[in-house]
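Trainee: Okay, here's what each chain looks like letter by letter:
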Amino acid sequence: MDSKLLPNLIAFLEKSLATHAKPEALNWLQEKKQLVQASETGKELYVPFSAAPRYVGKVPLNLTSEELEEATQLRKGFNPGNWTTDQLARTILLLSLPSEEADTYSKTILKLFGTADMGELVALYAALALLPHPEKFVHQATEGIRTNMGNVYEAIALHNPYPAENFTEAAWNQMVLKAIFTGKSLHKIFGLDERSNPELARMLSDYAHERWAAGRTVTPELWRPVGPHINETIVLDINKLFSSENETEQEAAALACAQNNYPEAQALLDQHPLLKHKIQEGQLTWNHIGRKAIVA
Amino acid sequence: MNTLNMKFIDPHIHMTSRTTDDYAAMQKAGIVAIIEPAFWLGQPRTELGSFKDYYSSLIGWERFRASQFGIKHYCTIGLNSKEANNEALAEEVMDLLPMFICKEGVVGVGEIGYDDQTAAEDKYYRLQLDLAKENNLPVQIHTPHRDKKAGTIRSMEVALEHKLDPGMVIVDHNNEETVRDVLDRGFWAAFTIYPNTKMGNERMVEIVKQYGSERIIVNSAADWGISDPLAVPKTAALMLEKGISIDDIHKVCYQNALDAFGQSGQMKETDWMENTTVDQSEKLFNNSILRGGQTPTIGELKTNPIFDSNIIR
Chain A
1 MDSKLLPNLI
11 AFLEKSLATH
21 AKPEALNWLQ
31 EKKQLVQASE
41 TGKELYVPFS
51 AAPRYVGKVP
61 LNLTSEELEE
71 ATQLRKGFNP
81 GNWTTDQLAR
91 TILLLSLPSE
101 EADTYSKTIL
111 KLFGTADMGE
121 LVALYAALAL
131 LPHPEKFVHQ
141 ATEGIRTNMG
151 NVYEAIALHN
161 PYPAENFTEA
171 AWNQMVLKAI
181 FTGKSLHKIF
191 GLDERSNPEL
201 ARMLSDYAHE
211 RWAAGRTVTP
221 ELWRPVGPHI
231 NETIVLDINK
241 LFSSENETEQ
251 EAAALACAQN
261 NYPEAQALLD
271 QHPLLKHKIQ
281 EGQLTWNHIG
291 RKAIVA
Chain B
1 MNTLNMKFID
11 PHIHMTSRTT
21 DDYAAMQKAG
31 IVAIIEPAFW
41 LGQPRTELGS
51 FKDYYSSLIG
61 WERFRASQFG
71 IKHYCTIGLN
81 SKEANNEALA
91 EEVMDLLPMF
101 ICKEGVVGVG
111 EIGYDDQTAA
121 EDKYYRLQLD
131 LAKENNLPVQ
141 IHTPHRDKKA
151 GTIRSMEVAL
161 EHKLDPGMVI
171 VDHNNEETVR
181 DVLDRGFWAA
191 FTIYPNTKMG
201 NERMVEIVKQ
211 YGSERIIVNS
221 AADWGISDPL
231 AVPKTAALML
241 EKGISIDDIH
251 KVCYQNALDA
261 FGQSGQMKET
271 DWMENTTVDQ
281 SEKLFNNSIL
291 RGGQTPTIGE
301 LKTNPIFDSN
311 IIR
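Chains A and B are the protein sequences, given in the same order. FYI, the numbering for the first sequence is 1 to 296, going by the numbering used here. FYI, the numbering for the second sequence is 1 to 313, going by the numbering used here.
Okay, chain B solo, but in the shape it has when bound:
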């Protein structure tokens, strides 16, 4: 799969919704590190404890699970825009966030922003911008599906009003209509390759052709919906085929994400460069990712036969 022999970072992917087959395929395709933003789970949570346990799972179990497939897992922590509309609960979540945002491997506050652009969404977006600024953390902004262009511009205007440095803000889910405004204001412009609703791979290639590779980031935002955890390596392959330089591909599929989120001080290239092999006999076999009788892998995961076949013998 990794025909380019390149390394990739997917800076927006919801692995709690994905399987170990995805991890295995991602690792094979060259993905070395991922960032999992805190988001909504497809239906609203009704209790504070659900948030606490979700955040804990991002810094605990999911991080461990990724490590077993040779992938470094980071996350951003925040109250998403949809659930900001439950104000009573949102207040409680705001009290909880400071317990989490300074944890190891938390590379920003996210994904936050607007959904319906209600007053409540605006209130908690602003409070979280302040929280990020106080703690010198990058911000990962979710831009709305509906009324997108206006919502994107508003997200940035409010961030500037709260004195955030645009270089510390990653504006996500851009398209042809929003990219110019984002880049002109000095923010990072992230693009989600997502079937049907967001960007397609072909369109992404055209964006890079037109706008270059400066401050542009590609991600998959793969989650519980129809989505593709290999969107970043696949788009990279298409870019190469369409004549985009290796250098530009490296920037939009790896380096820019590292530069943007690395500003947290919690994400360094050495995190994955110094430890490229996996010892599942020490780790994986000792926990339940492999159930009894499955064969642990030591060394290069690429040679692991269990990933080529799921037939139970």
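Looking at chain A on its own, in the form it has when it is part of the complex:
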């Protein structure tokens, strides 16, 4: 993000940390921060970045809704709701590193990725959207999506504006498909609606068919990015959902139809006036489905 905004962001992170960490830990961080700020090679970052949990602990922040609102005001999509104290301290250190030279800066950060443990990976990926020169980390983040560590994947894909702002369509589509494949709630993906696309809709429909062939179900949230791209093939899936005995699947079908003007989709929606009415009245939304569809 814009480096002029960094001081405000750091101030917010420090304020959040101050309520959870002891004065000695905060002093330690201040001291290391100053060393990192003056660092020419980035070397001063490595050890304190690793050692952060030893000083500030790993306490969940449990931020209030006001604090979360402040976060998103500072940076659109920034949601540290699931962050821990070590993550805050690590992010403060990352943001303190001199960043005028994009290549030097990114080289240092990428070196951290190369030797990171599980907690460090979570901190690094979750901080990506806050870092200067975000374009330098697209390859790393795309690699990160291939991880099999659930918490690392979540740090990139959920509550993080970085993928929506930086991923290619192919990488984005893989990320969304993997979210479904691994049972995440799609409504936690920032920019899900804005980045929906016909190719993703096709992949999701194919995935549903694969699951159905094996006698399994799919999360009703799957149809959210499909809705805007209903065509003559996908409309058959929607029809199938409407005839499901599962109420949530019927609701998902109606919501998908309401997302575009494809005539056959509109006709299907008209056959379900109650659901149509609920959508028009705002009583039925995708977020409602998302909360209901916590995958077993």
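Among these hints, one or two may not hold up.
Here are the simulated lysine-lysine pairs, BS3-like style, with alpha carbons at most 27 Å apart [stated by the list, open to error]: (1) B:K52 x A:K58; (2) B:K7 x A:K58; (3) B:K52 x A:K107; (4) B:K149 x A:K58; (5) B:K242 x A:K58.
Far from chain A, by Cβ distances over 12 Å, these chain B residues were calculated [stated by the list, open to error]: (6) R63; (7) A90; (8) P98; (9) G167; (10) D228; (11) Q266.
To give an idea of the chain B side of the interface with chain A (calculated C-beta under 8 Å), a few residues [as the list claims (entries may be wrong)]: (12) S56; (13) E104; (14) G262; (15) G265; (16) K268.
What the hints contain is simulated information worked out from the structure, not anything from laboratory work. Quick reminder that beta carbons are idealized off the backbone N, C-alpha and C, glycines included.
The hints should help you fit chain B onto chain A, whose structure is shown.
Mentor: Frame of chain A; chain B shown alone:
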């Protein structure tokens, strides 16, 4: 399996070589925490990157994998004795170690020591002793298979020469011939229950009968060879059967390992006492340990039906 209803720590086990069935069985048997020392992989590495990725896997993927079975995973990081003999590569590895030894959950420098007792092994063993001392970390020593007694004594003499506190050094793979020298010098004496080459369970019982439970530690060193990841709980069961007190068993199969490696500040009982249930719907189902269609477990892993049967339905 855990008929004793006791908790165990296996402070030497190479889980990267083991399957999830092992993790499940270990958890059922009462193992709550393990330490995975960095070792050689059965054949020598030829590139620095292989070391880097191996160390990364110990603090990343393997830690995650263990967590999915309710087991806390720690590791020791070091250049093993066999590969110290490739001096050009060993030099590079020495530059890499400082990037890893202060990571979270790294409870020592290990496993290091002697294999053939060559000059190169001696050089890198000494350098790593200094590294451990500078960073106030415990040391996990691998004692040689051949010329064992002399090699064990030499390992300790060199550690003392480098001013290490014997209380910070765990000497591993002991037997009847070495235990007295190790205990007399004030070091921790670890025993590996390993079929054929190292200690057997019955012999271990006799050692505890003779030497007591002070500074004695039992481990499995299970790896890619014929070995048993349940060696610690099985030995505990045998000890109980042979009349060794619960208190002594607790010490050699749990507390001593915690006291020794806990000196790193990276391993605390609360790490596993405060979080005894697993939520695989949050974690495990969201990654590929369970592939599509497998059932996640929430709560006590003991009730998980997937561990009782591997038949794919």
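Trainee: Just to be careful, I want the Cα atoms of K52 of chain B and K58 of chain A compared with a cutoff of 27 Å; is the pair within it?
Mentor: Distance ~26 Å between K52 of chain B and K58 of chain A Cα, so the pair holds.
Trainee: Is the Cβ of G167 of chain B more than 12 Å away from each Cβ in chain A?
Mentor: It holds; G167 of chain B is separated from chain A by about 21 Å at its closest Cβ, greater than 12 Å.
Trainee: Have a go at the G265 of chain B hint: is there a Cβ in chain A nearer than 8 Å to its own Cβ?
Mentor: 7 Å, holds
Trainee: Is K242 of chain B close enough to K58 of chain A, meaning Cα to Cα at most 27 Å?
Mentor: 43 Å, violated
Trainee: K149 of chain B and K58 of chain A: Cα distance at most 27 Å?
Mentor: 44 Å, violated
Trainee: Would you say Q266 of chain B is clear of chain A, with no C-beta pair closer than or equal to 12 Å?
Mentor: 8 Å, violated
Trainee: For the pair we were handed, K52 of chain B and K107 of chain A, check the Cα-Cα distance against 27 Å.
Mentor: 17 Å, holds
Trainee: Does the interface hint hold: is K268 of chain B within less than 8 Å of chain A, judged Cβ to Cβ?
Mentor: 12 Å, violated
Trainee: Beyond 12 Å from every chain A Cβ: check whether that's true for A90 of chain B.
Mentor: 18 Å, holds
Trainee: Check the non-interface label on P98 of chain B: least C-beta distance to chain A beyond 12 Å or not.
Mentor: Violated: least Cβ distance 8 Å, not greater than 12 Å.
Trainee: Can we confirm that no CB of chain A comes within 12 Å of the CB of R63 of chain B?
Mentor: Non-interface label fails for R63 of chain B: nearest chain A Cβ at 5 Å, not farther than 12 Å.
Trainee: Is it true that the CA of K7 of chain B sits at most 27 Å from the CA of K58 of chain A?
Mentor: Given pair K7 of chain B, K58 of chain A holds - Cα atoms ~25 Å apart, limit 27 Å.
In terms of the numbered hints stated before, the structure departs from hints 4, 5, 6, 8, 11, 14 and 16, listed from lowest to highest.
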